[in-house]
Amino acid sequence: MAPVPTNVKVILLAIFVAFGGFLFGYDIGVISGCLIMPDFIERFGEGDPGHKVLSSSRQSIITSLLSAGTFVGSLGQAFTSDSMGRRGSILLWSAIFTVGTAIQTATTTSVVQITIGRFIAGLGVGAMSAIVPLYNGETSPKALRGTLLVMYQLQIIMGIFVSYLIDLGTHHLDNSASWRIPVGLQMVWGFILLSGIFFLPESPRHLLGQGKAEKARAVVAELNSVPLDDPLVTETIEELEYGIRAENEGGKATWMECFSTRNKLWYRTMNGMMLQFIQQLNGQNFYYYYGDTFFKSAGTSLDAYVIQTILGAVSVAGTVPALYLIESMGRRKSLLTGSVLEAICSLIAGLVGHFTLAPTGTPIDQLTQRNKRGGDTLIAFAVMHVFSFSMFWGPTPWVYLGESFPLRVRPKAIALGSATNWIWNFLLSFFAPRISAHIGPLILLIFFGMLVFGFFYVYIFIPETKGLSLEEVDEMYRSGVRPWKSSGWRPQLDEKEPEVQEVREVRGKEDKEP
138 MAPVPTNVKV
148 ILLAIFVAFG
158 GFLFGYDIGV
168 ISGCLIMPDF
178 IERFGEGDPG
188 HKVLSSSRQS
198 IITSLLSAGT
208 FVGSLGQAFT
218 SDSMGRRGSI
228 LLWSAIFTVG
238 TAIQTATTTS
248 VVQITIGRFI
258 AGLGVGAMSA
268 IVPLYNGETS
278 PKALRGTLLV
288 MYQLQIIMGI
298 FVSYLIDLGT
308 HHLDNSASWR
318 IPVGLQMVWG
328 FILLSGIFFL
338 PESPRHLLGQ
348 GKAEKARAVV
358 AELNSVPLDD
368 PLVTETIEEL
378 EYGIRAENEG
388 GKATWMECFS
398 TRNKLWYRTM
408 NGMMLQFIQQ
418 LNGQNFYYYY
428 GDTFFKSAGT
438 SLDAYVIQTI
448 LGAVSVAGTV
458 PALYLIESMG
468 RRKSLLTGSV
478 LEAICSLIAG
488 LVGHFTLAPT
498 GTPIDQLTQR
508 NKRGGDTLIA
518 FAVMHVFSFS
528 MFWGPTPWVY
538 LGESFPLRVR
548 PKAIALGSAT
558 NWIWNFLLSF
568 FAPRISAHIG
578 PLILLIFFGM
588 LVFGFFYVYI
598 FIPETKGLSL
608 EEVDEMYRSG
618 VRPWKSSGWR
628 PQLDEKEPEV
638 QEVREVRGKE
648 DKEP
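Note that the working numbering has the sequence shown beginning at 138, numbered continuously upward.
Errors might be hidden in some of the hints.
Derived pair list, reagent style DSS-like, types lysine-lysine, alpha-carbon separation capped at 25 Å [unchecked claim]:
hint, residue 1, residue 2
1, 146, 352
2, 401, 603
3, 470, 352
4, 146, 349
5, 146, 509
6, 401, 470
7, 622, 470
Ranges between beta-carbon positions, derived for each pair [claimed, not checked]:
hint, residue 1, residue 2, range
8, 183, 310, 20 to 26 Å
9, 149, 314, 30 to 36 Å
10, 510, 391, 56 to 62 Å
11, 615, 496, 54 to 60 Å
12, 404, 209, 24 to 30 Å
These aren't lab readings, by the way, just hints derived from the structure by calculation.
Glycine included, each C-beta is placed from N, C-alpha and C at the ideal position.
Starting from the given sequences, assemble the full structure and let the hints guide the process.
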């Protein structure tokens, strides 16, 4: 493919669209601090006034209803992405998210109302989790696609970190402002995304799929900062049209086609779903959702809100190098390296916590030095776990999901991957506090086992997609290359498309001219 000019517009576009990930991250992080705020417990807890508690079951319900909504939203966006376009779909689901946050903020003492609000907000978050990789994957040059897709994960982590900072700043308030401020700020984030959506171009792949070739050419030219008649535009359009013709031969795609043996679609879909499944059960979201509650029993002198803020800062610090590593190491090595590092952290934290921590609820003045050292060690490895996740398993599954499918089934296949993420997110957020209440830090050994499984799954089944266009990824799957040999695979030009070769040759000659 012809060299692609560096374009600030493309980068800014990816960053703005990835703000949908900020909504996702903020909503994950903000509830963690609210669950231990006195006013929040008094309003939504159980028991006599002044002595209410927020049971693990009620925590599960409040936390997990967001994930239930995200599951529905991630599937629902497949219909809107096709019918309304990527741009219109982002607009719709951003508005739904904003409505959900307004319902939460207006809650007084109704657990039902706040959970309904979280469910509705979850619809928007889940839809955005699928649309952002879809849109960025279709508008980013292949040389930048991995890096720009990592922007989504960076925004998720930034959202989590900002929510921790807000919780840290308001938790000392002795009224409903302690939790209404952090919850209500979500409406601001929703309005930001809504206001900027009018400046976004539609995906050129979607425009071509709708028969709007001239508009598609204009978008490609704009995204690459070249004239309409530039050979790069012609090359890109020719390749996209060829891919669309091949993909549309069988008529409109169905959900079942995602599991078709044609072009190994079933294999790609299962890989996308499995990576999301493994990502959710490798431990980091347990810290994000219930870290405040969990760390209160670790015997450390640090405030639980401070620890969460440290975790958020570490997550941001870990995601920044991922912008480089996703292209320098590639997708496979990133996942394999992350599996090893996170597994070590989970194993040590789980065993140290089990053998050294005091029982939950032990007064601080009764903790021994052994208890305190164990708590500090657990927190240290939790920090390293989150840092490793942010570099490797955090962004890479989303990158892989956004670049693995042909246009024909892409919205539905990405929806299935996102839905898998959210159904396991729901199960984790619902059952984790109950499991942790019974086995304590040993819950981390469950995550250790999942990471070991993840290492072998990636090695055996996940091919390398670094540096390939979306059309070349399709060709690689058709070639049948073994995943552990895929790093050395190179695309072969299709002889049936001489016009593409001609355009490439013209572009190549121009690039060589002084």
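Item to check | Hint check, failures only | outcome: 3 and 5
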